[in-house]
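Using the sequences and the hints, build the whole thing.
There are 6 protein chains.
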Amino acid sequence: MPALIVPLSELADGQEADFFAVLSEKQDLTTRDGKPYFRVSFRDAKREVGLPIWSDSPLAAPCRNEWTVGEFYKLRGSIEQSKFGPQLEIRKIRPVEPSDRDEGFDPAMCLAASRFDPEQMFAELLAIAEERIGDKPLRQLVVDILEAHHEPLLALPAATRNHHAFVGGYLEHVLNVTRTCAYLAEKYAELYPDLEPPLDKDVVVAAGVLHDIGKLRELSVGATGAEYTASGSLIGHVLQGRDIVREMAAGQSIDPEKLLRLEHAIIAHQRLPEWGAPKPPMTPEALIVHYADDLDAKLQMMVTAIADDTSDGPVTSKRNALYQHVYRGGV
Amino acid sequence: MPALIVPLSELADGQEADFFAVLSEKQDLTTRDGKPYFRVSFRDAKREVGLPIWSDSPLAAPCRNEWTVGEFYKLRGSIEQSKFGPQLEIRKIRPVEPSDRDEGFDPAMCLAASRFDPEQMFAELLAIAEERIGDKPLRQLVVDILEAHHEPLLALPAATRNHHAFVGGYLEHVLNVTRTCAYLAEKYAELYPDLEPPLDKDVVVAAGVLHDIGKLRELSVGATGAEYTASGSLIGHVLQGRDIVREMAAGQSIDPEKLLRLEHAIIAHQRLPEWGAPKPPMTPEALIVHYADDLDAKLQMMVTAIADDTSDGPVTSKRNALYQHVYRGGV
Amino acid sequence: MPALIVPLSELADGQEADFFAVLSEKQDLTTRDGKPYFRVSFRDAKREVGLPIWSDSPLAAPCRNEWTVGEFYKLRGSIEQSKFGPQLEIRKIRPVEPSDRDEGFDPAMCLAASRFDPEQMFAELLAIAEERIGDKPLRQLVVDILEAHHEPLLALPAATRNHHAFVGGYLEHVLNVTRTCAYLAEKYAELYPDLEPPLDKDVVVAAGVLHDIGKLRELSVGATGAEYTASGSLIGHVLQGRDIVREMAAGQSIDPEKLLRLEHAIIAHQRLPEWGAPKPPMTPEALIVHYADDLDAKLQMMVTAIADDTSDGPVTSKRNALYQHVYRGGV
Amino acid sequence: MPALIVPLSELADGQEADFFAVLSEKQDLTTRDGKPYFRVSFRDAKREVGLPIWSDSPLAAPCRNEWTVGEFYKLRGSIEQSKFGPQLEIRKIRPVEPSDRDEGFDPAMCLAASRFDPEQMFAELLAIAEERIGDKPLRQLVVDILEAHHEPLLALPAATRNHHAFVGGYLEHVLNVTRTCAYLAEKYAELYPDLEPPLDKDVVVAAGVLHDIGKLRELSVGATGAEYTASGSLIGHVLQGRDIVREMAAGQSIDPEKLLRLEHAIIAHQRLPEWGAPKPPMTPEALIVHYADDLDAKLQMMVTAIADDTSDGPVTSKRNALYQHVYRGGV
Amino acid sequence: MPALIVPLSELADGQEADFFAVLSEKQDLTTRDGKPYFRVSFRDAKREVGLPIWSDSPLAAPCRNEWTVGEFYKLRGSIEQSKFGPQLEIRKIRPVEPSDRDEGFDPAMCLAASRFDPEQMFAELLAIAEERIGDKPLRQLVVDILEAHHEPLLALPAATRNHHAFVGGYLEHVLNVTRTCAYLAEKYAELYPDLEPPLDKDVVVAAGVLHDIGKLRELSVGATGAEYTASGSLIGHVLQGRDIVREMAAGQSIDPEKLLRLEHAIIAHQRLPEWGAPKPPMTPEALIVHYADDLDAKLQMMVTAIADDTSDGPVTSKRNALYQHVYRGGV
Amino acid sequence: MPALIVPLSELADGQEADFFAVLSEKQDLTTRDGKPYFRVSFRDAKREVGLPIWSDSPLAAPCRNEWTVGEFYKLRGSIEQSKFGPQLEIRKIRPVEPSDRDEGFDPAMCLAASRFDPEQMFAELLAIAEERIGDKPLRQLVVDILEAHHEPLLALPAATRNHHAFVGGYLEHVLNVTRTCAYLAEKYAELYPDLEPPLDKDVVVAAGVLHDIGKLRELSVGATGAEYTASGSLIGHVLQGRDIVREMAAGQSIDPEKLLRLEHAIIAHQRLPEWGAPKPPMTPEALIVHYADDLDAKLQMMVTAIADDTSDGPVTSKRNALYQHVYRGGV
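Protein chains in written order, with this note's numbering: chain A, 4 to 334; chain B, 4 to 334; chain C, 4 to 334; chain D, 4 to 334; chain E, 4 to 334; chain F, 4 to 334.
Treat the hints as calculated values from the structure; they're not laboratory data.
Hints are supplied without guarantee of correctness; some may be wrong.
Pairs involving identical chains hold if they fit within one copy or between any two copies, as the list cannot separate such chains.
[As the list claims (entries may be wrong)] In silico BS3-like cross-links for lysine-lysine, where the CA-CA straight-line distance does not exceed 27 Å: (1) K49 - K321; (2) K29 - K77; (3) K29 - K95; (4) K49 - K77; (5) K49 - K190; (6) K321 - K86; (7) K86 - K49; (8) K38 - K95; (9) K49 - K29; (10) K29 - K321; (11) K38 - K321.
Below you can see the structure in the form of structure tokens.
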């Protein structure tokens, strides 16, 4: 009788079962006291679990010579709590075979994905745009752009590495940013009633939604993740996002002042030239978008750094997207 | 019959009246086409109005040789709309005399001040601390610090220059920052329920309230504005704010982990060493505080740059606290 | 009998005559040993001559109070050689009057202009494009863009300050750059015959012609010189030049690889992010364009710094477009 | 009959003996011409000797799989001179066993330590403080701080890496710095007799002694070396050193001007913000302390770089604490 | 009957033969999906061909343990086209033996070398100097320096790494730079006829020839490539090149102004202090030399990066002399 | 009867007398509250005294229009203590006349000069070189260089601005640096007895004496101060100092290792490329020289900043050679 097949993400602690997973990490490392080992991780869409493979393990040879990052495996094992957090114990492992489809294997079940439902995030983003952008032509432009790219946006990550680098990551990040934009636009419009011309809340929200839209052209999403396209490498999403806006706005009667502020907020959203902004934020709208965006990205990097780090001591190593130590807590 | 005495801030356009004001600005300038003039401004607590004094004006000589920034004057004149915005027209001007007290003159009526009532801002800040900091000892610490410095906080500016450099500016800035901190703490605590240890919302709010508390020691507020103290120059508010927290926390039973995160968020709130932070934000709490603080300061600088600039063209000059062009709008 | 009217640029040394000129410079300076004076310059399209006006000169009062940079004057005087180079001696001066038109005054005769004929430079640029771009659709694109903007290109300066900041300066700079591009493309294509794909000489020449084409949108040329437009300030010529190429290329059958390399060379031509390039040169074509452009701009700045400097000693002051000392020669 | 047991640091060249040592280094390297080997070093408190282990050595397998940095071994072998300097030849090796204590093994005998006696260095530091600080309350403060931390100061290294990273390293570094401070304070006080207020020699010496005192809180010293504490990571020794001074000075009648200059010299001793100083040296006293400190640290790094480097050629590699080539001499 | 011996650079695709080659590269790598392999390359003077050696190949053990970069081998094999370009297939391999000399082996036949004949490049450089330097003493100085170092210049590389790092690389680079210098000097002398003093074309050409002449002292060329000398490390070719010029010019009647401009152009040719220039270009001559030099070096790095890169995707990795992605083409 | 003629530097407080002085400073300033005034200073070799000249003073017109920095005046007046320190009160003032020579006027009596006697400093420097450089050829080289430039060294300043910018300033600075070098060389040679090769104390002292010797060629000293020469501007004292050493060492039998270390210490003494060092200190000797030099220069800047500043508050303005606030003391 075949063992029970349970999704990795649903394994209870200590429960032994069969599951399908992708090898998501394989690093040839040495402990601080000089012992060689491999750090490997397996994941499905919702959960990633790692383990060390020491050089005297029977898995050491196949790990070194055969296991391949990005390939799919059928494993039998369990997840055990250790002082380093949950660790996988492997009883059996073999590459996925065609017949495994019959038992429910599907490659898409193993790709890292947002914890949130993409369709729901898309719908919510659309709803914010419709509710919070008062100017009709601008609102229509934003809605048109979202709807014209509905399908690819569902799967798009926010980046190939660094932050929100998973299926649906684009929507998760953009939704966070847009919500903060809406909050801050409201707050500061109220705080500075005498600003002339007044803070354009519509532009803040529109730019929140569209600041990263150029990722659609910068990245190409395939079976194993996202890659940079040729034009993404040579031009970049900051400019390509503005291209999409200009192309969709052509022939529409968008107020030119609003359109210019929107284009500017997109190209300025990374703030400093060495961070990728051809111009710094020169409008209040662009300034707000930058801060909402940057905080969300940096915070996600920090949360990931804390979750992924396996070193000792009160702080993580510097090997993370922030290139700095992060405090892990527990004085 | 004496002319009507009307506060400068209540003068209707075109209404001629007497009023008291301080000379807040006097610059010896040259137009782009080479003509020399003085740019002068007069203000009371709520309004500042400027005018150019050309070299052929009868006011040119007294302006150059006698008028003194920071001194108080009794003026007769009116405010007229021009293509450069409202401008003062001066009919008469003389320094304030002792007897002017009888007509209601008081130096405090002329200092630049927040548009908001300091007592009300203080009360609101206290209320946020009491409602949003769940941990009792931490909450008490924040409340104690605020109440122990009630009086000086009412008048404190946020800086001697740059941003919120006016009476009550400290409270206005800190209140804005704390509100944003409360919003973001709530949002991100909800977004990352699995973060371990969890995002400490109490610390975010407490650090929002206290991040600039060292200004109490860095600045000395006198009749004509704020100056750096000796210890402010040699040590600085970033460290002195942490000193206040440590002194007030001594002997209290604050959770050491919370206290450490609070101290860290204070010293890291300017993020980069060259911006004044001995350590970069290494906790999610400190990261959020930095962004809430930095946005509020930069946005106030930008709003002020737009309001104060008198140059031509679509953007302001670079002579503002941001050292960059800011867009003034109206394509 | 009226004095002879001779263009400033045709005055022989020591010849006294009447002429029309614009006041191009008026600076309130102090000598190194503390004496105040004005440095003023007058110019017509081809020549600029300056003089100091000391505080005891009868011209000192009108200079300080009345003379206006950008206004036109009728002068009587002569150019005398001094140890500081040619200097103007003014016998009479008054603002231009309407009736001066009858004697041949025309404001356009006073604007700083390239030493070369704009139409001839335009024709030469067109000829290079037609001869040196082998690929027909790309060649047609370049020719179309030039011809569509024939008129404004004739007057456009290369910048508002810094380098080639005069009528026709755009064409002078672009022609220099394009010639160098053609030379270097030829040379390096021959040197690296095995490069795969081969160096695209067409793209180098096309990008030489078009690298600054966005100046058409960044700058607005008026009677008294060029100013930044709103979109120029918020977006910038680097992106706007690529916009023009994309708009003109839309619907044409340009080879996408060539078009991408051309777009990239335009946005990368300033090389470093802090110099305004969203991407660094990532193709050999873009690298060559950057060097041809940068050398021409910097050399013109250096030549101007040497010509304009009036300080003593072996090197110029640092007050020039390069912000550095330049050697004036004559050990 | 058991072999003679001789401390590693007392082995004569070529003498074969048994000794105890800790494995202090184990690196998996490749020669410039591509051969793999391990670089390992063994040390006791006074001497460290290394050797390469080639892949065809019988020690290669245990080295790769078993030897552990930080563990203790009993070895039999000798030290032989080679063209690369002294090298260890290993005849036998096994981990230390409990019974080795009977033969004199003690882990403390293997930790890297200063060549100087800690108690003697402590006494000398105290003597300098007592002789060279004229102001009684300040002198007492310095003496009190030293005596209150007598025990931990004996073992404290100056850093976890980089410079003086060994037992007693703190005292060795601080003693060097304080001596230089005393010399320079004397010299410059004499050179600038008119400085007003005069150079405070007491503060220079006190700050020399206390500039790094925060290491007591930044580092936690354990059996195998020093680690950063949580507060050390989040606050840092620069601020924590000032904390110690403030806590010990509280309630004492220290002249506030002297105390402020001392606090400032501590926080400014690393000079630039990116090197860790919240404020740059703004007093002559702080400036002197910075130079005395920085030279001693950098010189120790350079001496160590020369001693440790094993590459060929006239200069060391860049893999040292200075990240630069250092000249090894012998043109 | 012995197999045919054919130079590696003359092997036809698919032709099996014996040849001599040096092992020029051996890297211990891991594929992106985690499989270990060695990347090795063999070269003679004109051609380099690589191959991967997987861990299950019979060559894996000798590769890891015996093959040595810089040593010479006799191989039997063929070159086969693959999707990664030409790859070597090895049938037999053994280190070169003394008797191989009889079959024509000579170590010099394996060193990487310029594609151009050194003697011919030397002759051409000399010819340019003689034709394009009008001033007799300066021309004689340049010719003397070239002829005095005829032999070492033939073999000198332009650098130990980075660009033109092969036998004859110095001449190839210097010849390219000098040609561009001659072109640009001619062009800009014509463009700025009024520059005072005029652009010194002689100096531009002389500095093109001599800008890197200090490499003769900075580098020491041995059998296996170039190394830094002690004086090269401590002083550097920028200063040492000027030394050579000064030593050769001593006692000659060179115009001091020309000599000073030449010395300056040599020390300023790397433009920025952090790129190695003690002074920035302060003369038009030095500015031109910098651009001609920098473009040639950077372009060679880019061409090499494209040729050497073996990664996937539209751009190369950043592991090249430019530390940046380079576009490989083929959208 | 003529008034008593007393040197300015010997005037007692409140004593009225005649004296000769040079106008050393004349700045057109505005007080913080907007009043215009001139800040002027007069000096003889040993003392400089300033005063403000308000716009209503009878001296205002001649000050503005006639007084010239660098010219000599005969004054009658007194020095009075004020809250801003000693101030000059002027009763009479006229330019020096030829006949004033008869009363003892000599321009040299007015140049700013070291407080120390140049001949005595020169003698002391020579003595240190002779006593502290053990190696005979190196010692002779240093002595020869000093003696060959005896005359010009007496008057040379250390710089045209920034630090020790007065007659004899070179010797004062170099003597300070050399003394510190001798102290540190002794100290660290003793501390690191095992350094191999040992710290070369001779080189440290020789480089202390010679590190700035290139100032002899970089600067040209005239009646009114020092100016940069053409070669000083284009090559700089760092390289020119090494030139002097190489020229004097040619044909002498200096140990090449010592000579190379000396040359290196000279070119590396400013440490970072952006501070003017073509190479960083790569030897212990060069490192020591850098610190001894840099401290002396920065400390003299700080002392001067404190002495010269006339602003209010606890710290000086940033307008000094350090571009930073300096603490003035008196909490």
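Hint by hint, here is what the structure shows:
1. Taking the closest pair of Cα atoms, K49 and K321 come within 27 Å of each other only inside a single copy of the chain (26 Å); across copies the shortest separation is 32 Å, beyond that limit.
2. In this assembly of identical chains, K29 and K77 lie within 27 Å of each other by CA distance solely inside one copy; the values are 17 Å within and 36 Å between copies.
3. In this assembly of identical chains, K29 and K95 lie within 27 Å of each other by CA distance solely inside one copy; the values are 18 Å within and 34 Å between copies.
4. Within a single copy, K49 and K77 get their C-alpha atoms as close as 17 Å, which meets the 27 Å cut-off; across copies the closest is 50 Å, which misses it.
5. Proximity of K49 and K190 under a CA criterion of 27 Å is satisfied inter-copy only: 22 Å between copies versus 36 Å inside one chain copy.
6. Taking identical chains as interchangeable, the C-alpha atoms of K321 and K86 lie at most 27 Å apart only when both belong to the same chain, with a minimum of 21 Å there against 38 Å between chains.
7. Taking the shortest Cα distances, K86 and K49 sit within 27 Å of each other inside one copy (22 Å), while across copies they are farther apart (37 Å).
8. Taking the closest pair of Cα atoms, K38 and K95 come within 27 Å of each other both inside a single copy (25 Å) and across two copies (20 Å).
9. Taking identical chains as interchangeable, the C-alpha atoms of K49 and K29 lie at most 27 Å apart only when both belong to the same chain, with a minimum of 19 Å there against 39 Å between chains.
10. Taking CA atoms no more than 27 Å apart as the test, K29 paired with K321 passes in both settings, with 19 Å inside one copy and 22 Å between copies.
11. Taking the closest pair of Cα atoms, K38 and K321 come within 27 Å of each other both inside a single copy (21 Å) and across two copies (26 Å).
Going down the numbered hints, you'll see the structure goes against none, and every one checks out.
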